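> Please model the entire structure based on the sequences and the hints provided.
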Amino acid sequence: MQLLQLLVFPGLTFFVWIAFAFEWLERKTAARMQGRVGPMIAGPFGLLQPVADFLKLASKEQIIPKHSEKFVLTWGPPLYFAAPAIGIIFIPVIGNESIIGHPLDLLFVLFVLAFSTLMASLLGYSAAGRYSTIAVGRLVVQYTSYEIPLILSVISPAILAGNLSLGGIVSAQSNYWFILSAPIGFAVFIIASLAELEKPPFDIPSAKTEIVGGWMTDFSGNALAYVKLTKNLSYVFLSALAVTLFLGGPNGPVLFHQIILQYVMNTIYFMVKLFSVGFLIFVVKTALARIRIDQAAELFWTILTPLSLAQLGLVILLR
Amino acid sequence: MSEEEKERREVGAGLMEYSPENLVPFGPVHPSLKEPEYFKLILEGEKIVEVHPRIGYVHRGIERAAQDRTWVKNIYLFERICGICSFAHSLAYTEGTESLTEFQIPVRAKYLRVLIAELERIHSHLLWLGLVGYWTGFDTLFMWIWKDREHVLDLLEAITGNRVHKSFSTLGGVRKDLTPALVSKLEEETKFITERVKYYETLVHSEETLVSRTRGVGRLTKEIAERLCPVGPLLRCSGIDRDVRKEDPYAAYEFIQPEVKTSNAGDIESLLSIRLAEVTDSCRMISEALDRLPEGPVRVPFPRIIPRGDAFFHVEAPRGELFYFIRSNGTPKPERVKIRTPTLANLLTAAEMLKGRPLADVPVVLTGIDPCFGCMDRVTVIDVDKSKKWSVSGEELRVYGIEYYRRGAGKR
Amino acid sequence: MIEEELSAMAAELSGKLSRVRKSFVLQVSPEKVKDACQHVSQLDGYYHLSTVTGADMGDKISVMYHFWKGKEFVTVEADVPKSDRHLPSISSELPSALLYEAEVKDLLGVVFDGNPLMGTRLLLPDIYPEDAPPPLTKEADPEKIRKMMELE
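Protein chains in written order, with the numbering used here: chain X, 11 to 329; chain H, 283 to 694; chain A, -13 to 138.
These aren't lab readings, by the way, just hints derived from the structure by calculation. Since this is a predicted model, take the numbers as computed values, not measurements. There's no promise every hint is true.
Once the Cα atoms are required to be at most 20 angstroms apart in a straight line, the calculated PhoX-like pairs of lysine-lysine come out as [stated by the list, open to error]:
{"#": "1", "chain 1": "X", "residue 1": "K218", "chain 2": "H", "residue 2": "K329"}
{"#": "2", "chain 1": "H", "residue 1": "K316", "chain 2": "X", "residue 2": "K218"}
{"#": "3", "chain 1": "A", "residue 1": "K55", "chain 2": "H", "residue 2": "K504"}
{"#": "4", "chain 1": "H", "residue 1": "K429", "chain 2": "X", "residue 2": "K38"}
{"#": "5", "chain 1": "H", "residue 1": "K528", "chain 2": "A", "residue 2": "K8"}
{"#": "6", "chain 1": "A", "residue 1": "K55", "chain 2": "H", "residue 2": "K528"}
{"#": "7", "chain 1": "X", "residue 1": "K218", "chain 2": "H", "residue 2": "K322"}
{"#": "8", "chain 1": "A", "residue 1": "K55", "chain 2": "H", "residue 2": "K543"}
Quick list of the computed label-pair ranges, beta carbon to beta carbon [claimed, not checked]:
{"#": "9", "chain 1": "X", "residue 1": "Q72", "chain 2": "H", "residue 2": "R445", "range": "32 to 42 angstroms"}
{"#": "10", "chain 1": "A", "residue 1": "M43", "chain 2": "H", "residue 2": "T352", "range": "18 to 28 angstroms"}
{"#": "11", "chain 1": "H", "residue 1": "P589", "chain 2": "A", "residue 2": "M104", "range": "32 to 42 angstroms"}
{"#": "12", "chain 1": "H", "residue 1": "K467", "chain 2": "X", "residue 2": "I74", "range": "48 to 58 angstroms"}
{"#": "13", "chain 1": "H", "residue 1": "V340", "chain 2": "A", "residue 2": "K57", "range": "25 to 35 angstroms"}
{"#": "14", "chain 1": "H", "residue 1": "A440", "chain 2": "A", "residue 2": "D70", "range": "49 to 59 angstroms"}
Even glycine gets a Cβ: it sits at the ideal position worked out from N, Cα and C.
Pasting the structure below:
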C-alpha cells in the first residue's frame, strides 16, 4: 500500500503529471502576457502539449559528443531526475504527514536541493563543450550565492515550529501560516527558487543568447527529455516546499470529520496553493530581463543574505 | 614608441594572435545571431580579451553580378542585399545613378522616397529594439515590440505592395502613388507608433533588470569613434552629431529636416534612447511629409544609358551611412558599383567595445550595432556548394536529393 | 577654402586634383597614398573614412579612399599596376581602414603592406583556390574557377 502511494498517489506519478501541468501553465502564462496564444493544439487548450513534447524528444536519437565522459552522460540524467523525484515524496499532500515522514526530513530535502545542482554541474562538465564549461562555472557561482539565503529562509519556519520535519512544520501551521510571521523569508525563498530553477532574471547558466543551451548544450534526445522533465519537476518541488514551509501545506479553513473527504479537501487545498505559487513564479519570470552573473552574486550577497538574517532574528524574537 | 602610437597599434595588432584554449566560438550558427557569422572570442574566465570577426558566410557575389546587369535590373539586385533596409539600398543606387545625369526627378517622388525611407527606419529600429529584449532574456519586450512593428509592415505592404523587397524607388521616380485612403491610414498608424514608443521610452529607463544590462555597457568614447569611424546611431551615441540626412541631404530631406539626437554616454542605454527618439522623429517627419506633399507626377522616363562618370553617394540607412560608389562607362551596364554597408563600418567598433567586458555582454554589445551580416557579405562570386552547375533547377535538386539519401541509406 | 588646401596638397605630393560634381578627387602615385590620406584626414572634420574602393580598370587597379565631411567627399585615388599589386597600408594611422583594406585584398588581390589582416581571408571562403585570380578582377572567369575548385 505504501509502495503504491509512493509510486502513484500522492507520489511520483502524481507529481510528474503536475510537472507537465506546470509547464503548460508556464507557457500559457508567458504567452498571454506577451500577446500570444501559447499551446492550443494537443489536447483541450493545449494541455497535452508538454506530454507530446516529452514523448517526441524521448523518442529521438541521443548524440553523445566525442570528447565527453560517456559514463556520466549516460547515467547522469537518471540520477539528476532522482533528486527532485525523491525529495518530492517527503512533501505532505493528503494530511499532515507525508508518506515516509521522518523527524529530520527537512535536512534531507535541503541535501536533495544541493545534490541536484551538483548533478547539473557534473553533467555539464562531462559533456566537455565550451559553452557547457562556461555554464557550469556560472552555475557554481550562482549556487554559492543563492544557497545561503535559501537555507536561512528555510530555517525560519523550522524555528517557528520548533521542529525539523516537514510534517511537524505543517502541523504547527494549523492555526496560522508562517508567511504571516516570516514574510521576508517567503520572498527570499521565492527569489532563491528562481535562481535554483535557472529562470529569469537568474537564467544565467542557461542563457541561450550567450552560451547557446547552457550546460544542456550537448544533450539531445532521451537525455535532454529527462533533463527537461527534471527541471519541471524541480519547479513543482520548490513550489511545494514553499507551500509546505510558509503556506500551511494541505491545511485548509474547513475541517471535515469524514476521513476520505478530509483527504480530498486537503489535496485540493494543497493543489490550489501549489498552482498559486507556481503562477507567482511564472509571472515574475516573464516580467523580467536577465541580469549578469556578477550582478546576481551581488544581489544575493549584499541584499538577500542580510535580509534573511534579519528575518531569522525576528523569528527568534517572536518565538 | 610613444604611448599614443602603442595604443594605435593595439587596435589591429592583436587581431591574429590567440591561444586556442581560451577560444569560445560565437557563431557561425548561434541563437543570438540571426544570420551566420563567426566571431572568435578569446576569454579569460568570463572576461573577453580579444574578438576576431570572420565574415563572409552569406556571400552572394552581388558586386560582380551588378557588372553584368543593366542599370534598371540592378535596382532589384541591390535591393536583395538586405531584407531590413532594402529600400535604403535601392534609394542610394537610384539617387546615385540619377546624380550622374542631368534629369530632374519630380518633387512628389522625392517626398514619397522620404516617406518610405522613414517608415523603413521605424520598422528597422523597432526590430532592433525587440531584439535587445531577446538578447537580454526579456522575451516579453521582444514580443510586444514585434507586434507593434507589424503595423508598420502592413503599411509598407499597403503602399508599395510588398513587406520586404519593396521595389518602390526606380530610376526616374517611384513606381506607385499614394491614395487618399492610405494617407489617412498613415496618419493614424504614425500616431499609434508614437504613443507606443513613448511607453517604451519610459520602460527601457525604468525596468531595473533591463537598465542593469544596458547602462554603462559598451562605453564608446568620442576619441575611439573618431579613429574607428563608426556610422549611424553608434556614432551619434558617442557625441558626434553626424547624420547624412542633415549634412548631405538627398531626396526631399532638405525640405523635411531630421532632428539629430546625440548622447555622450556611449553605452547601450543611450543607443536605446537614440533609436527610440529617431522613431518618434521619423513619425513626425512622415506626418510633415504628408502635410506638404506636392501634387504632380511621380515618375519621368529615364534613359537606358547613363553618361560616363563617377558618383560618390551615400544615404542614411537605419543603421547608418550606406555608401555607394558608382562608375559608369557610358554603356547600358555599370562598370563598377562598390557598396559599403553600415555594419562593416561598425564591426571594428563593436569588437573594440567588447574588450574587457564579461561574456554576458557579448550579445548585447555585438548586436547593439544592429548588425546585418547579409548586407556586409555580398561580394564573393564563388559558391561553396559543389554541385555541377551554377544554377540548379528544381528538377535537378529533386534528383540530387533522392540520390543523396539513397547513398546515405546504402551506407547505413 | 578646402579646395585651396587640397590643391596645395596636390602640388606638394605632385598629384592631380580634379572635381567630380560636389566632390574632389586627388590622384597620387601609390607610394604617396599614405601621406595623402594622412593629410586629408587631418583637415578639419575630414577624419571620417567612408570606405576604400578598388576597381579593375583593365591594366591597372585604381584604389580609392573616400573621406567625408558635410556635402563633400574627398577621394584619394592611386592606380596600382596589375603586375605589382602592392600599396602601403594606412591602417596604422587610420585603423578604420583595416577591414576595408582586407576586403580589397580579398576581392582584387591588392596587398596592403603593414595591414595585420593580410595573412588571412576576411570575406572569401576557404575553398577559393589560392592561384585563381581574385574574384572581382576582369580575368576571373567563374566557370574556370569552378573547375579549379572541383579538382581539389
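> Within 20 angstroms, alpha carbon to alpha carbon, are K55/A and K543/H?
holds (18 angstroms)
> Are the Cα positions of K218/X and K322/H separated by 20 angstroms at most?
Given that 20 angstroms is the threshold and the Cα spacing comes to 18 angstroms, the pair holds.
> Measuring from beta carbon to beta carbon, are V340/H and K57/A in 25 to 35 angstroms?
Roughly 34 angstroms apart at Cβ, these two residues keep to the hinted range, so it holds.
> How does the Cβ-Cβ distance of M43/A and T352/H compare with 18 to 28 angstroms: does it lie in that range?
Taking Cβ atoms as reference, M43/A and T352/H lie about 21 angstroms apart, which means the hint holds.
> Hey, K316/H versus K218/X, does the alpha-carbon distance stay inside 20 angstroms?
Cα-Cα ~13 angstroms, so holds.
> 49 to 59 angstroms was suggested as the range; check whether the CB atoms of A440/H and D70/A agree with it.
holds (57 angstroms)
> Does the Cβ distance between Q72/X and R445/H fall inside 32 to 42 angstroms?
holds (40 angstroms)
> Could you grab the alpha-carbon distance between K218/X and K329/H and see if it respects the 20 angstroms cut-off?
holds (18 angstroms)
> Within 20 angstroms, alpha carbon to alpha carbon, are K55/A and K528/H?
holds (12 angstroms)
> Okay, K467/H versus I74/X on CB: inside 48 to 58 angstroms?
For K467/H and I74/X the Cβ distance comes to about 56 angstroms; the hint holds.
> Between K528/H and K8/A, is the straight-line Cα distance small enough, at 20 angstroms or below?
Judged against 20 angstroms, a Cα distance of about 16 angstroms means the pair holds.
> Do the Cβ positions of P589/H and M104/A conform to the proposed distance bound of 32 to 42 angstroms?
Hint holds: Cβ distance 37 angstroms, inside 32 to 42 angstroms.
Hint compliance for this structure: no hint is broken.
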